[in-house]
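Novice: This is what each chain is made of:
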Amino acid sequence: MKNNILVIGGGPAGLEASSILSRMGYNVILAEKEKLLGGHLAKWDRLFPDQVPAKEVLNDMLGRMDGVKCFTETKVNSINLLENSYNAMLSNGITVLADAVLLASGFDLFKAEKKEEYGYGIYEGVLTNADLEKAFQEGKKSSPAPRAIGFVHCVGSRDEKAGNPACSKVCCATAVKQAIETKELYPEADVYCFYMDLRMFGRHYEDLYLRAQKSGIRFIRGRVSEVAETAEGRLLVKAEDTLSSKPLKVTLDRLVLMAGMRPSKTGHDVGRQLNLSIEDDGFFSAKDGLQNLQKSKLPGFFYAGACTGPKTLPDTLHEARSAAMEIDRYIKENFRK
Amino acid sequence: MIYEGKKKIWAEYQKEIPEDHYFYVRSCIRQSFFPASEATFLDITRNKLGKDIFETEHHTTCGGIAYHSDAIPQETAMTIIARQFALMHKYGYENYVCSCITSFGLYCETLETWREYPELQQKIAENLWKTCHLEFAKPKFLVHASDLIFKYRMQIAAKSKFKLVNKNTGEPLRVVEHIGCHYSKMFPSKGVGGAEYPYVLVGMVEAWGGQIVDYPERRHCCGFGFRQYFIKGNRGYSLSNTHKKFESMEPFKPDMIITNCPGCPYFLDRWQYVIAETEGKTYGQDGHGIPVFTYEEVAGLVMGYDPWDLGLQTHQVSVEPLLDKIGIPYDPAKKYLGKNGKYLGEPEKPHCLK
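Protein chains in written order, with our numbering: chain A, 1 to 337; chain B, 338 to 691.
These are calculated hints, taken from the structure and not from any lab test. Owing to the predicted nature of the structure, the values given are computational and were not obtained by experimental measurement. Errors might be hidden in some of the hints.
[Unchecked claim] Pairs of lysine-lysine, DSS-like flavour, derived with a Cα cap of 25 Å:
{"#": "1", "chain 1": "B", "residue 1": "345", "chain 2": "A", "residue 2": "114"}
{"#": "2", "chain 1": "A", "residue 1": "238", "chain 2": "B", "residue 2": "522"}
{"#": "3", "chain 1": "A", "residue 1": "55", "chain 2": "A", "residue 2": "140"}
{"#": "4", "chain 1": "B", "residue 1": "581", "chain 2": "A", "residue 2": "249"}
{"#": "5", "chain 1": "B", "residue 1": "352", "chain 2": "A", "residue 2": "111"}
{"#": "6", "chain 1": "A", "residue 1": "111", "chain 2": "B", "residue 2": "522"}
{"#": "7", "chain 1": "B", "residue 1": "488", "chain 2": "B", "residue 2": "498"}
{"#": "8", "chain 1": "B", "residue 1": "344", "chain 2": "A", "residue 2": "238"}
{"#": "9", "chain 1": "A", "residue 1": "55", "chain 2": "A", "residue 2": "69"}
{"#": "10", "chain 1": "B", "residue 1": "488", "chain 2": "B", "residue 2": "345"}
{"#": "11", "chain 1": "B", "residue 1": "345", "chain 2": "A", "residue 2": "161"}
{"#": "12", "chain 1": "B", "residue 1": "345", "chain 2": "A", "residue 2": "265"}
{"#": "13", "chain 1": "B", "residue 1": "590", "chain 2": "A", "residue 2": "238"}
{"#": "14", "chain 1": "A", "residue 1": "114", "chain 2": "B", "residue 2": "352"}
{"#": "15", "chain 1": "A", "residue 1": "249", "chain 2": "B", "residue 2": "618"}
{"#": "16", "chain 1": "B", "residue 1": "498", "chain 2": "A", "residue 2": "238"}
{"#": "17", "chain 1": "B", "residue 1": "522", "chain 2": "A", "residue 2": "114"}
{"#": "18", "chain 1": "B", "residue 1": "672", "chain 2": "B", "residue 2": "691"}
{"#": "19", "chain 1": "B", "residue 1": "344", "chain 2": "A", "residue 2": "111"}
Isolated chain B, as found in the complex (with noise of 0.2 Å):
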């Protein structure tokens, strides 16, 4: 591995990153799956570095998930991003940053088809008007919050109370990192270090004092990819994916995983504990899986927030292996406590995955 030649190929790939005043819209499924990790990014943006990240409760889904199952046509997508986009300005904001990856990509997407076919951008600006009467506007900057994250990094490493490092041995914990396909994949320059080589995550966990992993796996699909998971019969493609590549990580040995999309951290932390009841195998130490984590998730965890705090007892891999690896503090009889101290009950302890 020549890390020169990734640097080179990294500063081809800079987004511009306006450092404040975005318009925030939320994922629609992010926030079943890590309960915590918008709440966090919002709590870290506004409050630890006193960003201003607005965010309205007129806002919808931005339709990805209908648009890439076939379900709606692709005008009633773009109708739907055209209203999210005037809510925007309608609140007085010109950078639009969203947590969902689908959206991102869904996004980049409409701006690219209507910057090609503007008369499509005029009919969808009429449906707009006709449907919700709001004016149309385009952002002047789109970013994934994972981008702002990136943006960020420093700051954040700044506050941070615990570095990526085994605090036993003081090396930095082996990470590996997984963009969303949507992310970079569809449109190379919209990502921070393109799709091959994205930088994203990289520059987080590097900041934060990690190694990343690169492994031969690296680029393939997670395991959700629509089609994979939404149509029952095609579930197994979806399983054969993540075991893909946990099979191609496992050699690495990596401590930990991060992601900045809403499947990908989903599949692959659920999909571990399939592979150990149908399979017997595990991929972490000691009969563990690999924890995997959202980017807000490790920002929060570097920056001493408690891990329950985080949600992370909503992950199906333990985490507790990892945070006593990096030393975090966490006590195991708040670990299904409700915000309200209130106690949410114990799921059912897998045979095979500890």
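Next comes chain A alone, as it looks inside the complex (with noise of 0.2 Å):
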């Protein structure tokens, strides 16, 4: 008899995982909250460093999911831990007994409307990377074109008046991608990023920035400290130039602000049933930080991706791969002796 497996989220940790356990002989059951599978990773456009296009990898990995049982729309209603398996309740009205769990909730995005200085759902020129991604997504271009656009990094990450002193990893990255391409989309506009220092830690990021730079994009950094709009509808911004030590002035047609990583909401819910511990950023607490990331404090649930903190992708699809062999072993070692 196969075991059953639950998997929590069908963002790419989810849907990676699944497949991989599937493979492996389980039978894995997918619970998504929202009507389409692929988490965040499906309202993204192109993803940096190479600008390969979302669809393309979310579609790899959707054609991997044959075998898995999934649920979208589907929450979990309630989850217990049984004397060796865990009952839970699928807002879909099914039960299902698992001997493993696999939380892969992913994160939820900073609401960009908390830092009320950047007037994000005031003022119509500012909106959010997803924003952007979306009308990418869509093929919209604006007209006229915009004059000057403008990313400010950062946004609810290493803010501790936001309450998340932590760096979300993938934001700066994800501006200087976004700038490209929109500086490729209106060569004539000025695009500005402000940001506090570039994290571009990742293989072939550095070649980014400096595309970016050969572009003619204008790398400014300092925090912005307030937007206002102009009699024009255009956007005044404010911001400090921390390397020449002035405080400067732009008017801009889009502020586009690079919201954080935050703990999913709905990651939490299923936390609070189990009382699985959370560190003082708000991301689930692994078993330890160095052997075993994968792992929970509970026996047979385990994390993979953003649940315990941000993540790029390629991380994120390492979590995935990796909960999979920690639950693989964990069903041999507890369910096959």
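Dock chain one against chain two, each of which comes alone in its own frame, and use the hints as you go.
Specialist: In structure tokens:
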């Protein structure tokens, strides 16, 4: 008899782990709260550093999902630990008795309207990284073309006032990628990136940064302090240029806020029921941070992806594969003696 | 501008403002700057709306100006404040309303400091007993007088005789609102509407028929900013601040400015004269300035008070064009007559500002 594995979350981590576990011979049940699988990946247009279409990556993953029972628009209403398995009641009325559970609930984007001074939801020209990706996906091009566009890094990240001192890890590379794509779309426009410091740590990320500079994108080291609207409906942006130690004011048509990663509410709803430990940053605490990144303190309950902190897509996929291996080892050690 | 977005933020920053029974504390400078504003507040709240607003001649300055100028230490300012609160308690009140924004900010700062450092609160309570033999108490509710007028804005609208509307065009007047920095910039949750998109004055203007102008330098300091003005060598900064604001609001063609701070209306009003004299530039229509009002003055105008009883003749920028625009009657011959009909004398007319 096949062991049941419940995967919570149908983003990249959940999809990758599910397809691997299914191929290992497990009976995998995946619950995804949204209508479509793919998580944030499904809402993204192209991916850094190579601008690979997100759709291609997602389609590859979805193509390996045969054999996995996927329930979309489905939440975990309740979950509890029995003697050596988990009993989960899903919102579609199905009850799952699982020998192992993988939490792949990912992250929520920081609500950019919380940074009130940036005017998201107040001024028409202020949008988020996710809004811009959606516009790219839809092939929208503004007419008349914007004359000047700014990107604000670290919105809701590395910001104690916003309740999140941690780095969201992907925003710098995303901002540089989006700035390049914007410049390609509107070659005549002035494009600015307001950053604290650029964390281009991954392979080819520096190449992306160099490409952005060569294309004329201006990098200003300093945070935006406030945004207001001019009589013409443009955005007056105040910032500090910490390299020249001067305040600056620039009038833009668009301002893109790099909303960071916050713990997923869905994940918390599950974690609360099992009393899973959470760290100060709000993300789940792994059993330990070196050798047992995919394990929780509970037997048979595993993590993958951004539910334990901000991660890039490659990191997330590595964790998903690692989690699948950990689950396989756990099942073999506990159920197939 | 997405108005609904602002409404969402306003909904998050609502403070509890009791309807009635307040201990009122005046400002130490407003009676000189805007001599009828506090009297108008008391007349509206007590006599027109029937509220219980108590004041005593025994209260003093809050010490704010001395504190912000580093002339007195924090503990001294806190003991002065403890005495004010003790008077409130002595007279049987638990709701405290102050006229001054500097005071309001300092009261908020003091209460927060006491909350964080109970041992300091204990020390201040001891200071209070040693110096004044008064019992230490804290207000249950602390509000600024503009919070109360905001609370009563619909009651005032119901009794209004005029609206903030251009009588010739029927269009709402275009109003710039400016809150004092110490109203909510230090403690956003203590102000109606928060710090970035404060609602306290917006709510009044909307209730009385006007339309708010959102201009880029809306958040900028009026030009008072203690160290900019009190230190003589820094006064250029003060003027620069005000100049920056007027340059920013000019394209929006505002009809008037409403404020809730002692310093803001003073500096926004008086520096228009200096800008006119030094640069020959005026920001209102036909060589006039943009008139600047306290919220009590605006409340008084819509309720039909005589403009000269509101002290509007003490403003630098002439208010007559706005009164004409709204259709508020006034007698030019009485402009410089005191309450007893005595001629007060007329100021010299500036050359560049009508």
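Novice: Run every hint past the structure and note whether it holds.
Specialist: Cross-check of the supplied hints:
1. As the CA atoms of residue 345 of chain B and residue 114 of chain A are separated by approximately 11 Å, the hinted pair is consistent with the 25 Å bound.
2. Using a Cα cut-off of 25 Å, the hinted pair residue 238 of chain A and residue 522 of chain B holds, with the two alpha carbons roughly 17 Å apart.
3. Restraint check: the Cα-Cα separation between residue 55 of chain A and residue 140 of chain A comes to about 17 Å, which is no more than 25 Å; the hinted pair holds.
4. Among the hinted pairs, residue 581 of chain B with residue 249 of chain A is consistent with the structure: their alpha-carbon atoms are about 13 Å apart, no more than 25 Å.
5. A threshold of 25 Å between alpha carbons decides the hint, and for residue 352 of chain B with residue 111 of chain A the separation of about 23 Å falls inside it, so the pair holds.
6. Between residue 111 of chain A and residue 522 of chain B the CA atoms are separated by roughly 21 Å; this keeps the pair inside 25 Å, and the hint holds.
7. Between the alpha carbons of residue 488 of chain B and residue 498 of chain B the distance comes to roughly 19 Å, so the proposed pair stays at or under 25 Å and holds.
8. Annotation: proposed proximity of residue 344 of chain B to residue 238 of chain A holds, straight-line Cα distance about 24 Å (limit 25 Å).
9. A hinted pair counts as satisfied when its Cα atoms are at most 25 Å apart, and residue 55 of chain A with residue 69 of chain A qualifies at roughly 22 Å.
10. For a cut-off of 25 Å, the pair hint linking residue 488 of chain B to residue 345 of chain B stands: about 19 Å separates their Cα positions.
11. For the hint pairing residue 345 of chain B with residue 161 of chain A, the CA-to-CA distance comes to about 20 Å; that is within 25 Å, so the pair holds.
12. The suggested pairing of residue 345 of chain B with residue 265 of chain A holds, with an alpha-carbon distance near 21 Å, which does not exceed 25 Å.
13. A hinted pair counts as satisfied when its Cα atoms are at most 25 Å apart, and residue 590 of chain B with residue 238 of chain A qualifies at roughly 23 Å.
14. Taken as a hint, the residue 114 of chain A and residue 352 of chain B pair is honoured in the structure, with Cα atoms around 19 Å apart against an allowance of 25 Å.
15. Using a Cα cut-off of 25 Å, the hinted pair residue 249 of chain A and residue 618 of chain B holds, with the two alpha carbons roughly 24 Å apart.
16. Restraint check for residue 498 of chain B and residue 238 of chain A: not satisfied, since their Cα atoms lie roughly 42 Å apart, outside the 25 Å limit.
17. A C-alpha spacing of about 16 Å is found between residue 522 of chain B and residue 114 of chain A, which places the hinted pair at or below 25 Å, so the restraint holds.
18. Distance restraint check for residue 672 of chain B and residue 691 of chain B: the Cα-Cα separation of roughly 16 Å lies within the 25 Å cut-off, and the hinted pair is therefore satisfied.
19. At roughly 16 Å between alpha-carbon atoms, residue 344 of chain B and residue 111 of chain A fall within 25 Å of each other, so this suggested pair holds.
Hint compliance for this structure: hint 16 is the single one not met.
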